[in-house]
Amino acid sequence: MRVLVVEDDLEAQRYMVKGLKEAGHVVDEAGEGETGLTLALSRPYDVAIVDRMLPKLDGLRLVGKMREERNNTPVLFLSALSDVDDRIKGLRAGGDDYLTKPYAFAELLARLDALVRRRDPGSVKTRVSVGDLELDLLSRTAKRNGSAIELQPREFRLLEYLMRHAGQIVTRTMLLENVWEYHFDPQTNVIDVHISRLRAKIDKGFEAPLLHTVRGAGYMIRAHA
Amino acid sequence: MRTPKLLRTQAFRIVGIYLAIFAVSTLALVGFVYWNTSLVLDRETDETIEAEITGLEEQYSTLGLPGVTDAIIGRSVRREQGIYLLANSNRRVLAGNLDGWPQVSTTNGGFVEFRYERRIGNVAQLRSARGRIITLTQGFYLLVARDVDERRALENVFKTALLWGAGLMIVLGLVGGLLISHNFLKRLELINRTSRQIMGGDLSLRVPVTRAGDEFDDLSLHLNRMLDRIERLLHGMREVSDNVAHDLRSPLNRLRNRLELAAMRQPADSETARDFDAAVQETDRLIGTFNALLLIAEAEAGSVRETMHNLSLGDVIEGVGELYGPLAEEKQLRFVVKKAPDAGLIRGNLNLVSQALANLVDKAIKYTPPGGTVVVSLENNPSGPALVVADDGPGIPAQDRARVTERFVRLESSRNSPGTGLGLSLVAAVARMHDAELSFDDNQPGLRATLNFKRAAEGPRPAKVALAREVVSEPVH
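Residue numbers (my numbering), protein chains in the order written: chain A, 4 to 228; chain B, 723 to 1199.
Worth flagging that the hints you see were computed from the coordinates, not collected in a lab. Here the structure is a predicted model, which means the values were calculated and not measured. All C-beta atoms, glycine included, are put in the ideal place defined by N, C-alpha and C. Each hint should be verified, as a subset may be incorrect.
Stated by the list, open to error - In silico contact screen, one side only, chain A against chain B (beta carbon under 7 Å); selected entries:
#1 D12
#2 L13
#3 V196
#4 R200
To be verified - Stretch by stretch, here's where chain B covers chain A in the computed footprint (C-beta under 8 Å, at least three residues):
#5 42-54
#6 185-193
To be verified - Some residues of chain B that are not near chain A, with every Cβ distance over 12 Å (derived):
#7 R813
#8 N1013
#9 A1080
#10 E1101
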């Protein structure tokens, strides 16, 4: 995908661009807000990574101007500010996601993936499926290979989130933010326990597991190739 | 019964004390004047009586009984105030202006006091008199007395004046005291109300200053100057932590990126790759500590107050309970979530309160050995709703309980378990930010951590039945 990086910390920018390129993305970069805005408005990008504090044109205003020009490229804010209301301000200004520095590269990649996929509009889905696992979003029921799986409401939300991002890596932080709506570090890996319980419900007794752990990154649900 | 607030003020107490001193001194003064006056009057009367007796005795010794009888008859007619009586040894009246010998009561110095009847026109009056009786030779008795009714009346005037005066003084003093206290209270209440609002987080407020220019205005001005300074300091602190955040996060970010990229270039499962992974994890731990410190600083600077909303502790306890339940079960613990009905509407930040509760629950799960119980409950205390995490693990020794919320304090017993030593400091910071009280008690055995909040202003009243819903999850074996 085509990624725009607007970041004034040039060394951080270099590493980010390098990493994104190694992950197979096409990257343009800018070191300050004005150039960033010009690039964002003149070329089509799948996603933009914007630092919140930029010289010349602040990250918040940059995104504000993009939205004024009806440019709907998904934006991931990157910020050294982690104030509770900084996140809210960022999202209110038109950002689609917010990542606090320092971040794990795997986290950044996973979030970019999720942002770009989310843009697929399509019709409102009432049913998602991965392999022989089916989720009915209206009746809130799950079936694998035709037989019903008993799920707690939160387990259903967890599975739904994973399945909506089937084939993508989903990090623990993404799960905590999107399924539990918490924005803090729970110290112990509570998410892992929830995943293992979910795994026991959907994969136990089946030859091909659907829910995979991606080492050092997170989880992914995927039908076997 | 509680004394009304007006009566408990310092002003009222001072007025009360002054009133008492004033009353005592006035009573003393009036009493002294009265005592002196009556003494002078008594002496005057007594001296007159003595003089007359001396005169009459002389009459008796020179002119004998007829002489003194004449003198008595003469004086009885002339003197309105005088009472003269001559009687024989059987107390039969021979001469004088009383019908019969009176019933007397002896007082000091040989003087007697008695009541007698006097006619003024057709009205008979019972009046008081004071006089002296002497025995003449040959067994005659002579009584010379003065009517003291007027003086007794004067005494009564003094007494009534004293009583009324004292009563009036007390009533007026009380009214004055109440007025002054009311005034004091009004001014103080203004200062108190503003202070409460400021403690509630609005540091931009100032105590109103009136145009009176009195000592209360002085106090208000000083308080305001102090508040200005505190605000500046806090602002400075916030700026510093913002700068530290920015200046440290960027290099930490570069460090982590560099390590990650370097790790990617190594063949997977090589020793170098593992080293890099370990280094990345170490960086993450460093970042975790750093983030926690910043969050505590932020919480203490109070910048999060703007993000507070009406928040149901019931939701918090449900959310966190549900997040940690499976973890507890995996550790073979009995995990109970209890909720008092219609409790726990507070003003707060959902994310921070949840994090504080999560930290407490996390610790309880970490330190309780398998087979134990962790109870997370929302209680409805009279002072406000409380989040309580109780376990039956090893607990914290009493002497260490106050220390555990200090930054980087890790007790000997937990040196070897992972953690930053900031978890409970963060809980304490969140508590301070929310005006909540964090306390650790002995759960006999185990630890009972309580986060007691203040009720939201228009929050529901405490319910009588405490625990209505109980969610118990049994460990999976």
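Hints and how they fare:
1. The closest approach between the C-beta of A:D12 and any C-beta of chain B is roughly 5 Å, which is under the 7 Å cut-off, so the hint is satisfied.
2. A cut of 7 Å between beta carbons decides the hint on A:L13: the least distance to chain B is about 10 Å, and the hint is violated.
3. Taking 7 Å as the C-beta cut-off, the interface hint given for A:V196 holds, the closest approach to chain B being about 4 Å.
4. With a cut of 7 Å, the hint placing A:R200 at the interface with chain B holds, because the nearest CB-to-CB distance is about 6 Å.
5. Here's how the segment 42-54 of chain A fares: 0 of its residues keep a CB closer than 8 Å to some CB of chain B, so the rule of at least three is not met and the hint is violated.
6. Under a criterion of three residues with beta carbons nearer than 8 Å to beta carbons of chain B, the stated coverage of the segment 185-193 of chain A is upheld, 8 such residues being counted.
7. With a minimum CB-CB distance of about 110 Å to chain A, B:R813 clears the 12 Å threshold, and the non-interface call stands.
8. The Cβ of B:N1013 sits about 7 Å from the closest Cβ of chain A, inside the 12 Å cut-off, so the non-interface label is violated.
9. Some Cβ of chain A comes within 12 Å of the Cβ of B:A1080; the nearest lies about 6 Å off, and the non-interface call is violated.
10. The claim that B:E1101 is not at the interface with chain A holds, since no C-beta of that chain comes within 12 Å of its own (minimum 23 Å).
Taken one by one, the earlier hints fail for this structure at numbers 2, 5, 8 and 9, listed in ascending order.
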